[in-house]
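Use these hints to put chains B and C onto chain A, whose structure you have.
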Amino acid sequence: MTNSSFFSIAFGIGTKNSQGNWLEVYYPTPLYQPDSKIVEAVTVTLDYKGGNQALDLNKDQLEPLATALDSIAPEQSDIIRSMVSSTRPLVVTLLETDSALSTTPEAYLKLHLLSHRLVKPHDLDLSGIFPMLPNVAWTNQGAIDLADLPERQMEARLNGELLEVSCIDKFPKMTNYVVPTGVRIAHTARVRLGAYLGEGTTVMHEGFVNFNAGTMGESMIEGRVSAGVVVNSGSDLGGSASIIGTLSGGNDIVISVGEGCLLGANAGLGIPLGDRCTIEAGLYLTAGAKVSVLDSNNQFVEVVKARELANKPDLLFIRNSQSGTIECRTNKSAIELNKELHSHN
Amino acid sequence: MTNSSFFSIAFGIGTKNSQGNWLEVYYPTPLYQPDSKIVEAVTVTLDYKGGNQALDLNKDQLEPLATALDSIAPEQSDIIRSMVSSTRPLVVTLLETDSALSTTPEAYLKLHLLSHRLVKPHDLDLSGIFPMLPNVAWTNQGAIDLADLPERQMEARLNGELLEVSCIDKFPKMTNYVVPTGVRIAHTARVRLGAYLGEGTTVMHEGFVNFNAGTMGESMIEGRVSAGVVVNSGSDLGGSASIIGTLSGGNDIVISVGEGCLLGANAGLGIPLGDRCTIEAGLYLTAGAKVSVLDSNNQFVEVVKARELANKPDLLFIRNSQSGTIECRTNKSAIELNKELHSHN
Amino acid sequence: MTNSSFFSIAFGIGTKNSQGNWLEVYYPTPLYQPDSKIVEAVTVTLDYKGGNQALDLNKDQLEPLATALDSIAPEQSDIIRSMVSSTRPLVVTLLETDSALSTTPEAYLKLHLLSHRLVKPHDLDLSGIFPMLPNVAWTNQGAIDLADLPERQMEARLNGELLEVSCIDKFPKMTNYVVPTGVRIAHTARVRLGAYLGEGTTVMHEGFVNFNAGTMGESMIEGRVSAGVVVNSGSDLGGSASIIGTLSGGNDIVISVGEGCLLGANAGLGIPLGDRCTIEAGLYLTAGAKVSVLDSNNQFVEVVKARELANKPDLLFIRNSQSGTIECRTNKSAIELNKELHSHN
Chain A
81 MTNSSFFSIA FGIGTKNSQG NWLEVYYPTP LYQPDSKIVE AVTVTLDYKG
131 GNQALDLNKD QLEPLATALD SIAPEQSDII RSMVSSTRPL VVTLLETDSA
181 LSTTPEAYLK LHLLSHRLVK PHDLDLSGIF PMLPNVAWTN QGAIDLADLP
231 ERQMEARLNG ELLEVSCIDK FPKMTNYVVP TGVRIAHTAR VRLGAYLGEG
281 TTVMHEGFVN FNAGTMGESM IEGRVSAGVV VNSGSDLGGS ASIIGTLSGG
331 NDIVISVGEG CLLGANAGLG IPLGDRCTIE AGLYLTAGAK VSVLDSNNQF
381 VEVVKARELA NKPDLLFIRN SQSGTIECRT NKSAIELNKE LHSHN
Chain B
81 MTNSSFFSIA FGIGTKNSQG NWLEVYYPTP LYQPDSKIVE AVTVTLDYKG
131 GNQALDLNKD QLEPLATALD SIAPEQSDII RSMVSSTRPL VVTLLETDSA
181 LSTTPEAYLK LHLLSHRLVK PHDLDLSGIF PMLPNVAWTN QGAIDLADLP
231 ERQMEARLNG ELLEVSCIDK FPKMTNYVVP TGVRIAHTAR VRLGAYLGEG
281 TTVMHEGFVN FNAGTMGESM IEGRVSAGVV VNSGSDLGGS ASIIGTLSGG
331 NDIVISVGEG CLLGANAGLG IPLGDRCTIE AGLYLTAGAK VSVLDSNNQF
381 VEVVKARELA NKPDLLFIRN SQSGTIECRT NKSAIELNKE LHSHN
Chain C
81 MTNSSFFSIA FGIGTKNSQG NWLEVYYPTP LYQPDSKIVE AVTVTLDYKG
131 GNQALDLNKD QLEPLATALD SIAPEQSDII RSMVSSTRPL VVTLLETDSA
181 LSTTPEAYLK LHLLSHRLVK PHDLDLSGIF PMLPNVAWTN QGAIDLADLP
231 ERQMEARLNG ELLEVSCIDK FPKMTNYVVP TGVRIAHTAR VRLGAYLGEG
281 TTVMHEGFVN FNAGTMGESM IEGRVSAGVV VNSGSDLGGS ASIIGTLSGG
331 NDIVISVGEG CLLGANAGLG IPLGDRCTIE AGLYLTAGAK VSVLDSNNQF
381 VEVVKARELA NKPDLLFIRN SQSGTIECRT NKSAIELNKE LHSHN
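Residue numbers (my numbering), protein chains in the order written: chain A, 81 to 425; chain B, 81 to 425; chain C, 81 to 425.
Bound conformation, chain A alone (with noise of 0.2 Å):
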């Protein structure tokens, strides 16, 4: 058989609330496009009949499910048979095909294969996925429902223990569900579950990275990826630089860096910027923000919206500090600019 279009298959185990709703699921090592001779002893295993399902596990299923999939796909095997001896909530989240979400434990799936580099920003359909991440308690003792945090952090008191509470948010961090090779991230509260951060990407202290955002490839992060937002490989993001997002203010924009960039310090970004483009320390540049374009000798060319240059290769922006007045030099003449920015592309 063939690799199938079957979307992906993974095996989890998570948290429910005193209700028995999910509110958090792992995936060690979720399937995209999984082969289908995986798909058809899942299916068969478990009598499953199609579409997108998040499935409890109970114990009874663990070894027939293992041993149908000995030999096709070990890795697989493995962790089903270790989950045996585990009292935690299982699940098996079989989706059929890449559709809006309608579960706790398909939205977590998504994110993980979003961080384990199995499918790129903007490449899933994350429709609804708000409503199917309950807002948790991200604690030392694991997630807990914030109706039962009060007691629960009560009676940690009384036993002379600390209940120490992370984060409170739909998104728990990256990094207590997956580590990506090649990385380093200096403080892991800043990448949410669903981040997508390329080999050889660091991301120091005051980087940031949202989910279905991320880079590409090699990069120095020290500013914040917002929701939505790619970088490419080579580029880099100074302390506290900015880049508006699809969910603050960006709208259906989806802005991106392109290859070999630099964002300064403190500098700001709302256009799609193109490749090996730099962005001073300190500027902001909006979309709406009139620019003054000189060409490689330094002469005015013409006065345009940043959003016009959006996309475009090779432009330094910075406000001179004289006039104050937003400027990007280019490395081209005045004619091929002018030919350039009127050309309505």
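Derived from the structure by calculation, the hints contain no laboratory data. It should be emphasised that the depicted structure is a prediction, and the values quoted were computed from it without experimental measurement. Be careful, since some hints might not be right.
[Stated by the list, open to error] Some chain A residues close to chain C (C-beta under 10 Å, calculated; not the full set):
id: 1; residue: Y106
id: 2; residue: I159
id: 3; residue: T167
id: 4; residue: P211
id: 5; residue: N215
id: 6; residue: W218
id: 7; residue: G222
id: 8; residue: D225
id: 9; residue: K253
id: 10; residue: T255
id: 11; residue: V259
id: 12; residue: I265
id: 13; residue: H285
id: 14; residue: A345
[Claimed, not checked] Straight line, CA to CA, 30 Å or less: simulated DSBU-like cross-link-like pairs of lysine-lysine:
id: 15; chain 1: B; residue 1: K139; chain 2: B; residue 2: K117
id: 16; chain 1: A; residue 1: K139; chain 2: A; residue 2: K129
id: 17; chain 1: B; residue 1: K412; chain 2: A; residue 2: K385
id: 18; chain 1: B; residue 1: K385; chain 2: C; residue 2: K385
[As the list claims (entries may be wrong)] Here are the computed distance ranges between Cβ atoms for each label pair:
id: 19; chain 1: C; residue 1: G368; chain 2: A; residue 2: Q379; range: 17 to 25 Å
id: 20; chain 1: B; residue 1: D178; chain 2: A; residue 2: G100; range: 40 to 48 Å
id: 21; chain 1: A; residue 1: E231; chain 2: B; residue 2: P393; range: 41 to 49 Å
id: 22; chain 1: A; residue 1: S376; chain 2: C; residue 2: G368; range: 13 to 21 Å
id: 23; chain 1: C; residue 1: D158; chain 2: B; residue 2: Y128; range: 28 to 36 Å
Ideal Cβ placement from N, Cα and C applies to all residues, glycine included.
Positioned in the frame of chain A, the structure of chains B and C alone reads:
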């Protein structure tokens, strides 16, 4: 009996150092302006003579206290009964009046009252709070006196354990004491006990809220709400937005943000901002900045210092990207503006 | 015997990965330029032949070592005796000279010397440090090799526990190794081992201090002290203030901040700053910025590049809010200024 004029009562469980001094106190459900029946029951049972006091509770006092409160404050008696089994230091803090602080348990009680939304920022007498808050090592083994820390670290290491020191500060993180309803806090280390977070507030990873400061309702906080700053409902702070606080250069002017405002990412604010105002991303508006005021036709009217625009509604502040001038754009005619600017309100 | 020229000795307890390689070492009380009696005692007991070495300690060596040090270094012998009961890997690191690094325990020792305030930033040979620091998962179960992490995460999950991964980095947080006296660090994840924090330093939530960098005395740090940067006594960094570091574009110019300076919130610095200088909130002063110098009467004198103002005292840098020009205001007459600016100091 009617509602008393008594300020606050709270039963707590805390940590003392080896000299028997309080390091911190956790009050699960502090009472603000308790019913006079409760005050009477506690007074009689504990032989309390009035004033502001933090009394150590011994085990023998717990059952009589619980019994006295059974019918009038069952939540409190439950807490008191649960304390019987604990070996941790217990305290009852009785504040007859809201006065300057003189003990550590009092200071912690006032910080709890703010974070439980029982009182608003600036509505408490917090004078003398700093000396009452010892500098503490906040660790995964609870609060530790700094003098004891090296020995505890070595001990943990020898046992193959980690003593995680998360914070060395006078203020602990709020969420290890109280998590108010209807909030998200992506990274809890950035909200101090004593912060007031209104229902509907989200504090993102880059957000920060100091004590005696906060949000009154729905807000997306990705910037810094400094000590003393109040952000009114419907206002958002972009990433790294800065507000000058009472402890950091704002002196005696209390900075606030009106309703429905937006501070862009990397922006800054040094004046009290009226309702429905916007500060462009990247612009730091200090009180002394000279601002060109423009009317509804974008015609120049007058240059004023930013502080003269304090508390005025419906203003948009930008730095003109061509001239470098800080401008304030309004929806008013030149005549209306002239009148307002010279009314010395 | 007198003070030796021996560089450093330290007894440590650490973590090795499954291949037996050091991941990290904790030295409770490292010795800097130890008395030659101590050097001799250690040399004789361990049959040490000189040079820079990190020697694994076995249990049989501990009591003889402790005995040899009892009268001359009782604090060290106490530590060595306490190690007898531990099952953790033990090490003694002997640095005859301050030379380029060749082992992980050496690298950790040098970082300890900085954070213990035994040597100041730039006073150590740290060449070759990066390859000596393995990239480690810093967790609530201690340091874990990245190769072992997925298995450990799964294991914890199956047991209903959380493996909290706080940091994926070559550098751990300082406070899990040493907390110098007289400091506050509101959020310890933002101070790396190897930072030097002077007595009286407060690092607020937004502050950050890299290794081989720090503060010499009283300072309120709410901004970023990048690698190699030294902030002198009495200087404050506002929230998100940025200082260009040796690893992030500052190249070989070492940036420092004089005494009694203030960098406003969201400001930035790209030159070594003299004493009593102020940079206005929101202004990023890069080395190449053209600055209008004004005399004590606020009269224009000359335009110079910011780097020509390096290390000069009593300067106030602002961006004129009307003209957009970066200005440097001084307390000097035009004649004095002209002289200074052309002295090529």
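To see whether the hints hold, each was checked on the structure:
1. Y106: For A:Y106, the interface hint holds, since the closest Cβ of chain C sits about 6 Å away, which is under 10 Å.
2. I159: holds (7 Å)
3. T167: holds (6 Å)
4. P211: With a minimum Cβ separation of about 25 Å from chain C (threshold 10 Å), the hint on A:P211 is violated.
5. N215: violated (18 Å)
6. W218: Cβ of A:W218 sits 9 Å from chain C, so the hint holds.
7. G222: holds (5 Å)
8. D225: violated (15 Å)
9. K253: holds (8 Å)
10. T255: With a closest approach of 4 Å, the A:T255 hint holds.
11. V259: OK, holds: A:V259 within 10 Å of chain C, min 6 Å.
12. I265: holds (5 Å)
13. H285: holds (5 Å)
14. A345: At 4 Å from the nearest chain C Cβ, A:A345 passes the 10 Å test, so the hint holds.
15. B:K139 - B:K117: OK: B:K139 and B:K117 at ~23 Å, within 30 Å.
16. A:K139 - A:K129: With a Cα-Cα distance of about 21 Å, the restraint between A:K139 and A:K129 holds, given a limit of 30 Å.
17. B:K412 - A:K385: Between B:K412 and A:K385 the Cα gap is close to 26 Å, so the pair holds against 30 Å.
18. B:K385 - C:K385: holds (29 Å)
19. C:G368 - A:Q379: 17 to 25 Å: This hint holds: roughly 20 Å between Cβ atoms.
20. B:D178 - A:G100: 40 to 48 Å: holds (45 Å)
21. A:E231 - B:P393: 41 to 49 Å: holds (44 Å)
22. A:S376 - C:G368: 13 to 21 Å: holds (19 Å)
23. C:D158 - B:Y128: 28 to 36 Å: violated (47 Å)
Of the numbered hints given earlier, the model fails hints 4, 5, 8, 23; all others are met.
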